[in-house]
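*Asks:* Sequences are here, hints too, so could you generate the full structure?
Read off the chains here:
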Amino acid sequence: MSTAVAHVETETNTGIPNGKLGIWMFLASEVMLFGGLISAYIILRSGSPEMIIPPREMMGVPLATFNTFVLIFSSVMMVLALAAIQEGDVPRFGRYLGLVIACGFTFLFVKAYEYHHKWEEGITISSNLFGSFYYTLTGLHCLHVIGGIILMVYILRCGLRGEYTPTSHGRVEYAGLYWHFVDLVWVILFPILYLLNT
Amino acid sequence: MTSEHGHGEQKFIWKYVFSVDHKTIGIQYLVTSFTFLFVGLCMMLLMRWQLAQPDQPFPVIGDLLAKILGDDKMPTGVMLPEFYNQLGAMHGTIMIFLGVVPLGVGAFGNFVLPLQIGAPDMAFPRLNMMSYWIYLVGGFVMLSSFLFPGGAAQSGWTSYAPLSVIAPPGQTVWCVAMVIIITSSLFGAINFIVTTLNMRAPGMTWSRLPVFVWAQLVTAVLLLLAFPVLEAGALLQLLDRVAGTSFYIPKDLVVGATVFPRAGGGNPILWQHLFWFLAHPEVYVLLLPAMGIVAEIIATNTRKPLFGYREMVGSMCLIGVLSFVVWAHHMFLSGMRTSLANLFVTTTLTISVPSVAILTCLLLSLRGGSIRFNTPMLFALAFLPMFGIGGLTGLPLGFAPTDLHLHDTYYVIGHFHYVVAPGSLIALMGGLYYWYPKMFGRQMNRTLGKIHFWLTIIGMNGVFFPMFIQGMAGMQRRLADPTAQTHNLPVQWWSIPMGISAAIIFIGQFPFIFNFFMSLRNGEKVGENPWEATTLEWACPSPPPHGNFVKTPEVHRGPYEYSVPGRKEDYWPQDEAA
Chain A
0 MSTAVAHVET ETNTGIPNGK LGIWMFLASE VMLFGGLISA YIILRSGSPE
50 MIIPPREMMG VPLATFNTFV LIFSSVMMVL ALAAIQEGDV PRFGRYLGLV
100 IACGFTFLFV KAYEYHHKWE EGITISSNLF GSFYYTLTGL HCLHVIGGII
150 LMVYILRCGL RGEYTPTSHG RVEYAGLYWH FVDLVWVILF PILYLLNT
Chain B
0 MTSEHGHGEQ KFIWKYVFSV DHKTIGIQYL VTSFTFLFVG LCMMLLMRWQ
50 LAQPDQPFPV IGDLLAKILG DDKMPTGVML PEFYNQLGAM HGTIMIFLGV
100 VPLGVGAFGN FVLPLQIGAP DMAFPRLNMM SYWIYLVGGF VMLSSFLFPG
150 GAAQSGWTSY APLSVIAPPG QTVWCVAMVI IITSSLFGAI NFIVTTLNMR
200 APGMTWSRLP VFVWAQLVTA VLLLLAFPVL EAGALLQLLD RVAGTSFYIP
250 KDLVVGATVF PRAGGGNPIL WQHLFWFLAH PEVYVLLLPA MGIVAEIIAT
300 NTRKPLFGYR EMVGSMCLIG VLSFVVWAHH MFLSGMRTSL ANLFVTTTLT
350 ISVPSVAILT CLLLSLRGGS IRFNTPMLFA LAFLPMFGIG GLTGLPLGFA
400 PTDLHLHDTY YVIGHFHYVV APGSLIALMG GLYYWYPKMF GRQMNRTLGK
450 IHFWLTIIGM NGVFFPMFIQ GMAGMQRRLA DPTAQTHNLP VQWWSIPMGI
500 SAAIIFIGQF PFIFNFFMSL RNGEKVGENP WEATTLEWAC PSPPPHGNFV
550 KTPEVHRGPY EYSVPGRKED YWPQDEAA
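Residue numbers (numbering that gives the first Met the number 0), protein chains in the order written: chain A, 0 to 197; chain B, 0 to 577.
Warning: the hint list may mix true and false statements.
No farther apart than 20 Å at their CA atoms in a straight line, the calculated lysine to any residue pairs in the SDA-like style are these [as the list claims (entries may be wrong)]:
id, chain 1, residue 1, chain 2, residue 2
1, A, Lys19, B, Arg125
2, A, Lys110, A, Phe65
3, A, Lys117, B, Ala262
Don't read these hints as lab results, they were simulated from the structure.
*Replies:* Set out below in structure tokens:
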């Protein structure tokens, strides 16, 4: 333990741990990243005559709805995992975190199937502006899900080794914040890509 | 964390190469960014030769350049227009993203900020190390683009679409390198904000923070919120280039008499918006650390408190907020509704108010002071008129009607170079002379410092001032051969003194480089506080050990308590108990 970190964990000027403040700052920059892309989508969608919106049947709304629930469910599991480690119940923490990871994989598998299906139907990244935005936005989101899964596996490993205690489990909380953010991005992407196409 | 503080001998590689110590990382940033600045300077020399003597072989080393650079760049020492375009784009990119920003934020921010707030290190030392190494990789990737077929990026440092989308592969490398560099900046920004918010020493309240720390904090917020938007823009441009999308490509774009095979429907103006949404806050990222440094140097060397500390801090925060709503003043000529143009004219002129307020405070700080003319003070004093010229020549560019005339001429180049080169860069060099004793425990040589100063400042004015004259005569930027347009001919002769001035800047850097390395060994040894300054970085040994302070300092007063009546010394350090 360096004194820098010891200093951090004992007291900070704001009372918020460094890690938590750091992850919020990171999420602020992520908001600007997705915000930039989504604004580009809004501008071209409202302004470009070449933006052809596929009919809802082609978009596979039921599958995407299922995926939405998978992510929301995973967020709930994340909250329960944090609650478990706050009580010091490592096995329960492990089970819930395992479910989070499983949900992440489920989301990716469904997404892979969706991509394959859409590509077959002619919605490719270069076919049309809508396709370009669809693959760019969801693709970047998928990268975030993959990153989240790697993070969760790491947190799970550390947790099962007994590195987190009811008083010291900051990283679980920070990883959770990130995961909720990834969930939130999908909750915004889902309506603007799948539902707004009557 | 495995790096123990106060742990005797560390292996060389861990101590100097993969170090997590903010001071080592700061010095790594310092050396790397000065190296990139030198690379950018050399590119500038090549360009100035081409502008002064269009299509003539480069003197003395022309054959050598032809051999090194190859036939697709400078055959027989004569610059091809394509290579001129590459140099233009890469000079801008390197100077801004790999030179001045890493110098102001990465080097001085890293080294000085934790010391000034009395912290043992940054909040996330490992993230700090990663940020440096990612930056270095990004820099190498950026430079490597010269080796690609067709050469480096050549659509200007602004990479306007659709030209950048149809450009040779070097542009793809530019996009990738930008994403890498932006990632590095983000990590740095997170670290700076958390460190400033959370790791201040006891008693270091907001109103006791040195101006430099405030400047770094506002800069970090700008980096954090503005850079991701360019990341988004660069990502879309990358996809346009490699994945066949058409975010920036309009329908039926004709390239070389054939229709570009894309679905189309995109909008080139979209790129301009995404780019300038970053690049205007970026201007203040270049400027604020410099202002912070000048404030520190002036307070120390006038031996009196800064004039208007609160006003300066407030102005910096206001600049931070306003810089997000001025970006479209770069796009008046791209075409926009009059009402929208009016909005951006208004915000642009509003942001000049806090900038002028800061400059005025710095100027009034000199009044009634007993000024010490040491090397850092020379640089800090030069910053004031130079930034004044840069800022005031920006006003005609902020008004849409005058901007339409001046847009894309050398006037614009002159304006922003005055802000960044004899403005920011001069202040940053002054910062090195000021903090060098803290970094290495020795003073830099004064005579060499003065030679460096005069050659640089004379050279810079010689290059940039005639640009206003050429620009107002209508000479356009980004032309490899200005003589191709007859209206440029009456002002073309200015390019010769400008070329000579460029050579003076180049020569002027050698005393500096020599001084830097020679003083490491031979410089006069100094103690903790050679300038008799008040801020906390002067309360620890020079150079500070790992962990910085022997005992966490306690702060008792504001940062600039100089010449307090009734005290024997004319300075009252922040950590000295009453």
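*Asks:* A separate judgement is required for each hint: does it hold in the structure or not?
*Replies:* Here is how each hint holds up against the structure:
Between Lys19(A) and Arg125(B), the direct Cα distance comes to roughly 16 Å. Compliance with the 20 Å bound is thereby established for this hinted pair. For the hint linking Lys110(A) to Phe65(A), the alpha-carbon distance of about 11 Å falls within 20 Å, and the restraint holds. With a CA separation close to 17 Å, the supplied pair Lys117(A) and Ala262(B) stays within the 20 Å bound.
Consistency with the previously given hints is maintained throughout, with no hint failing.
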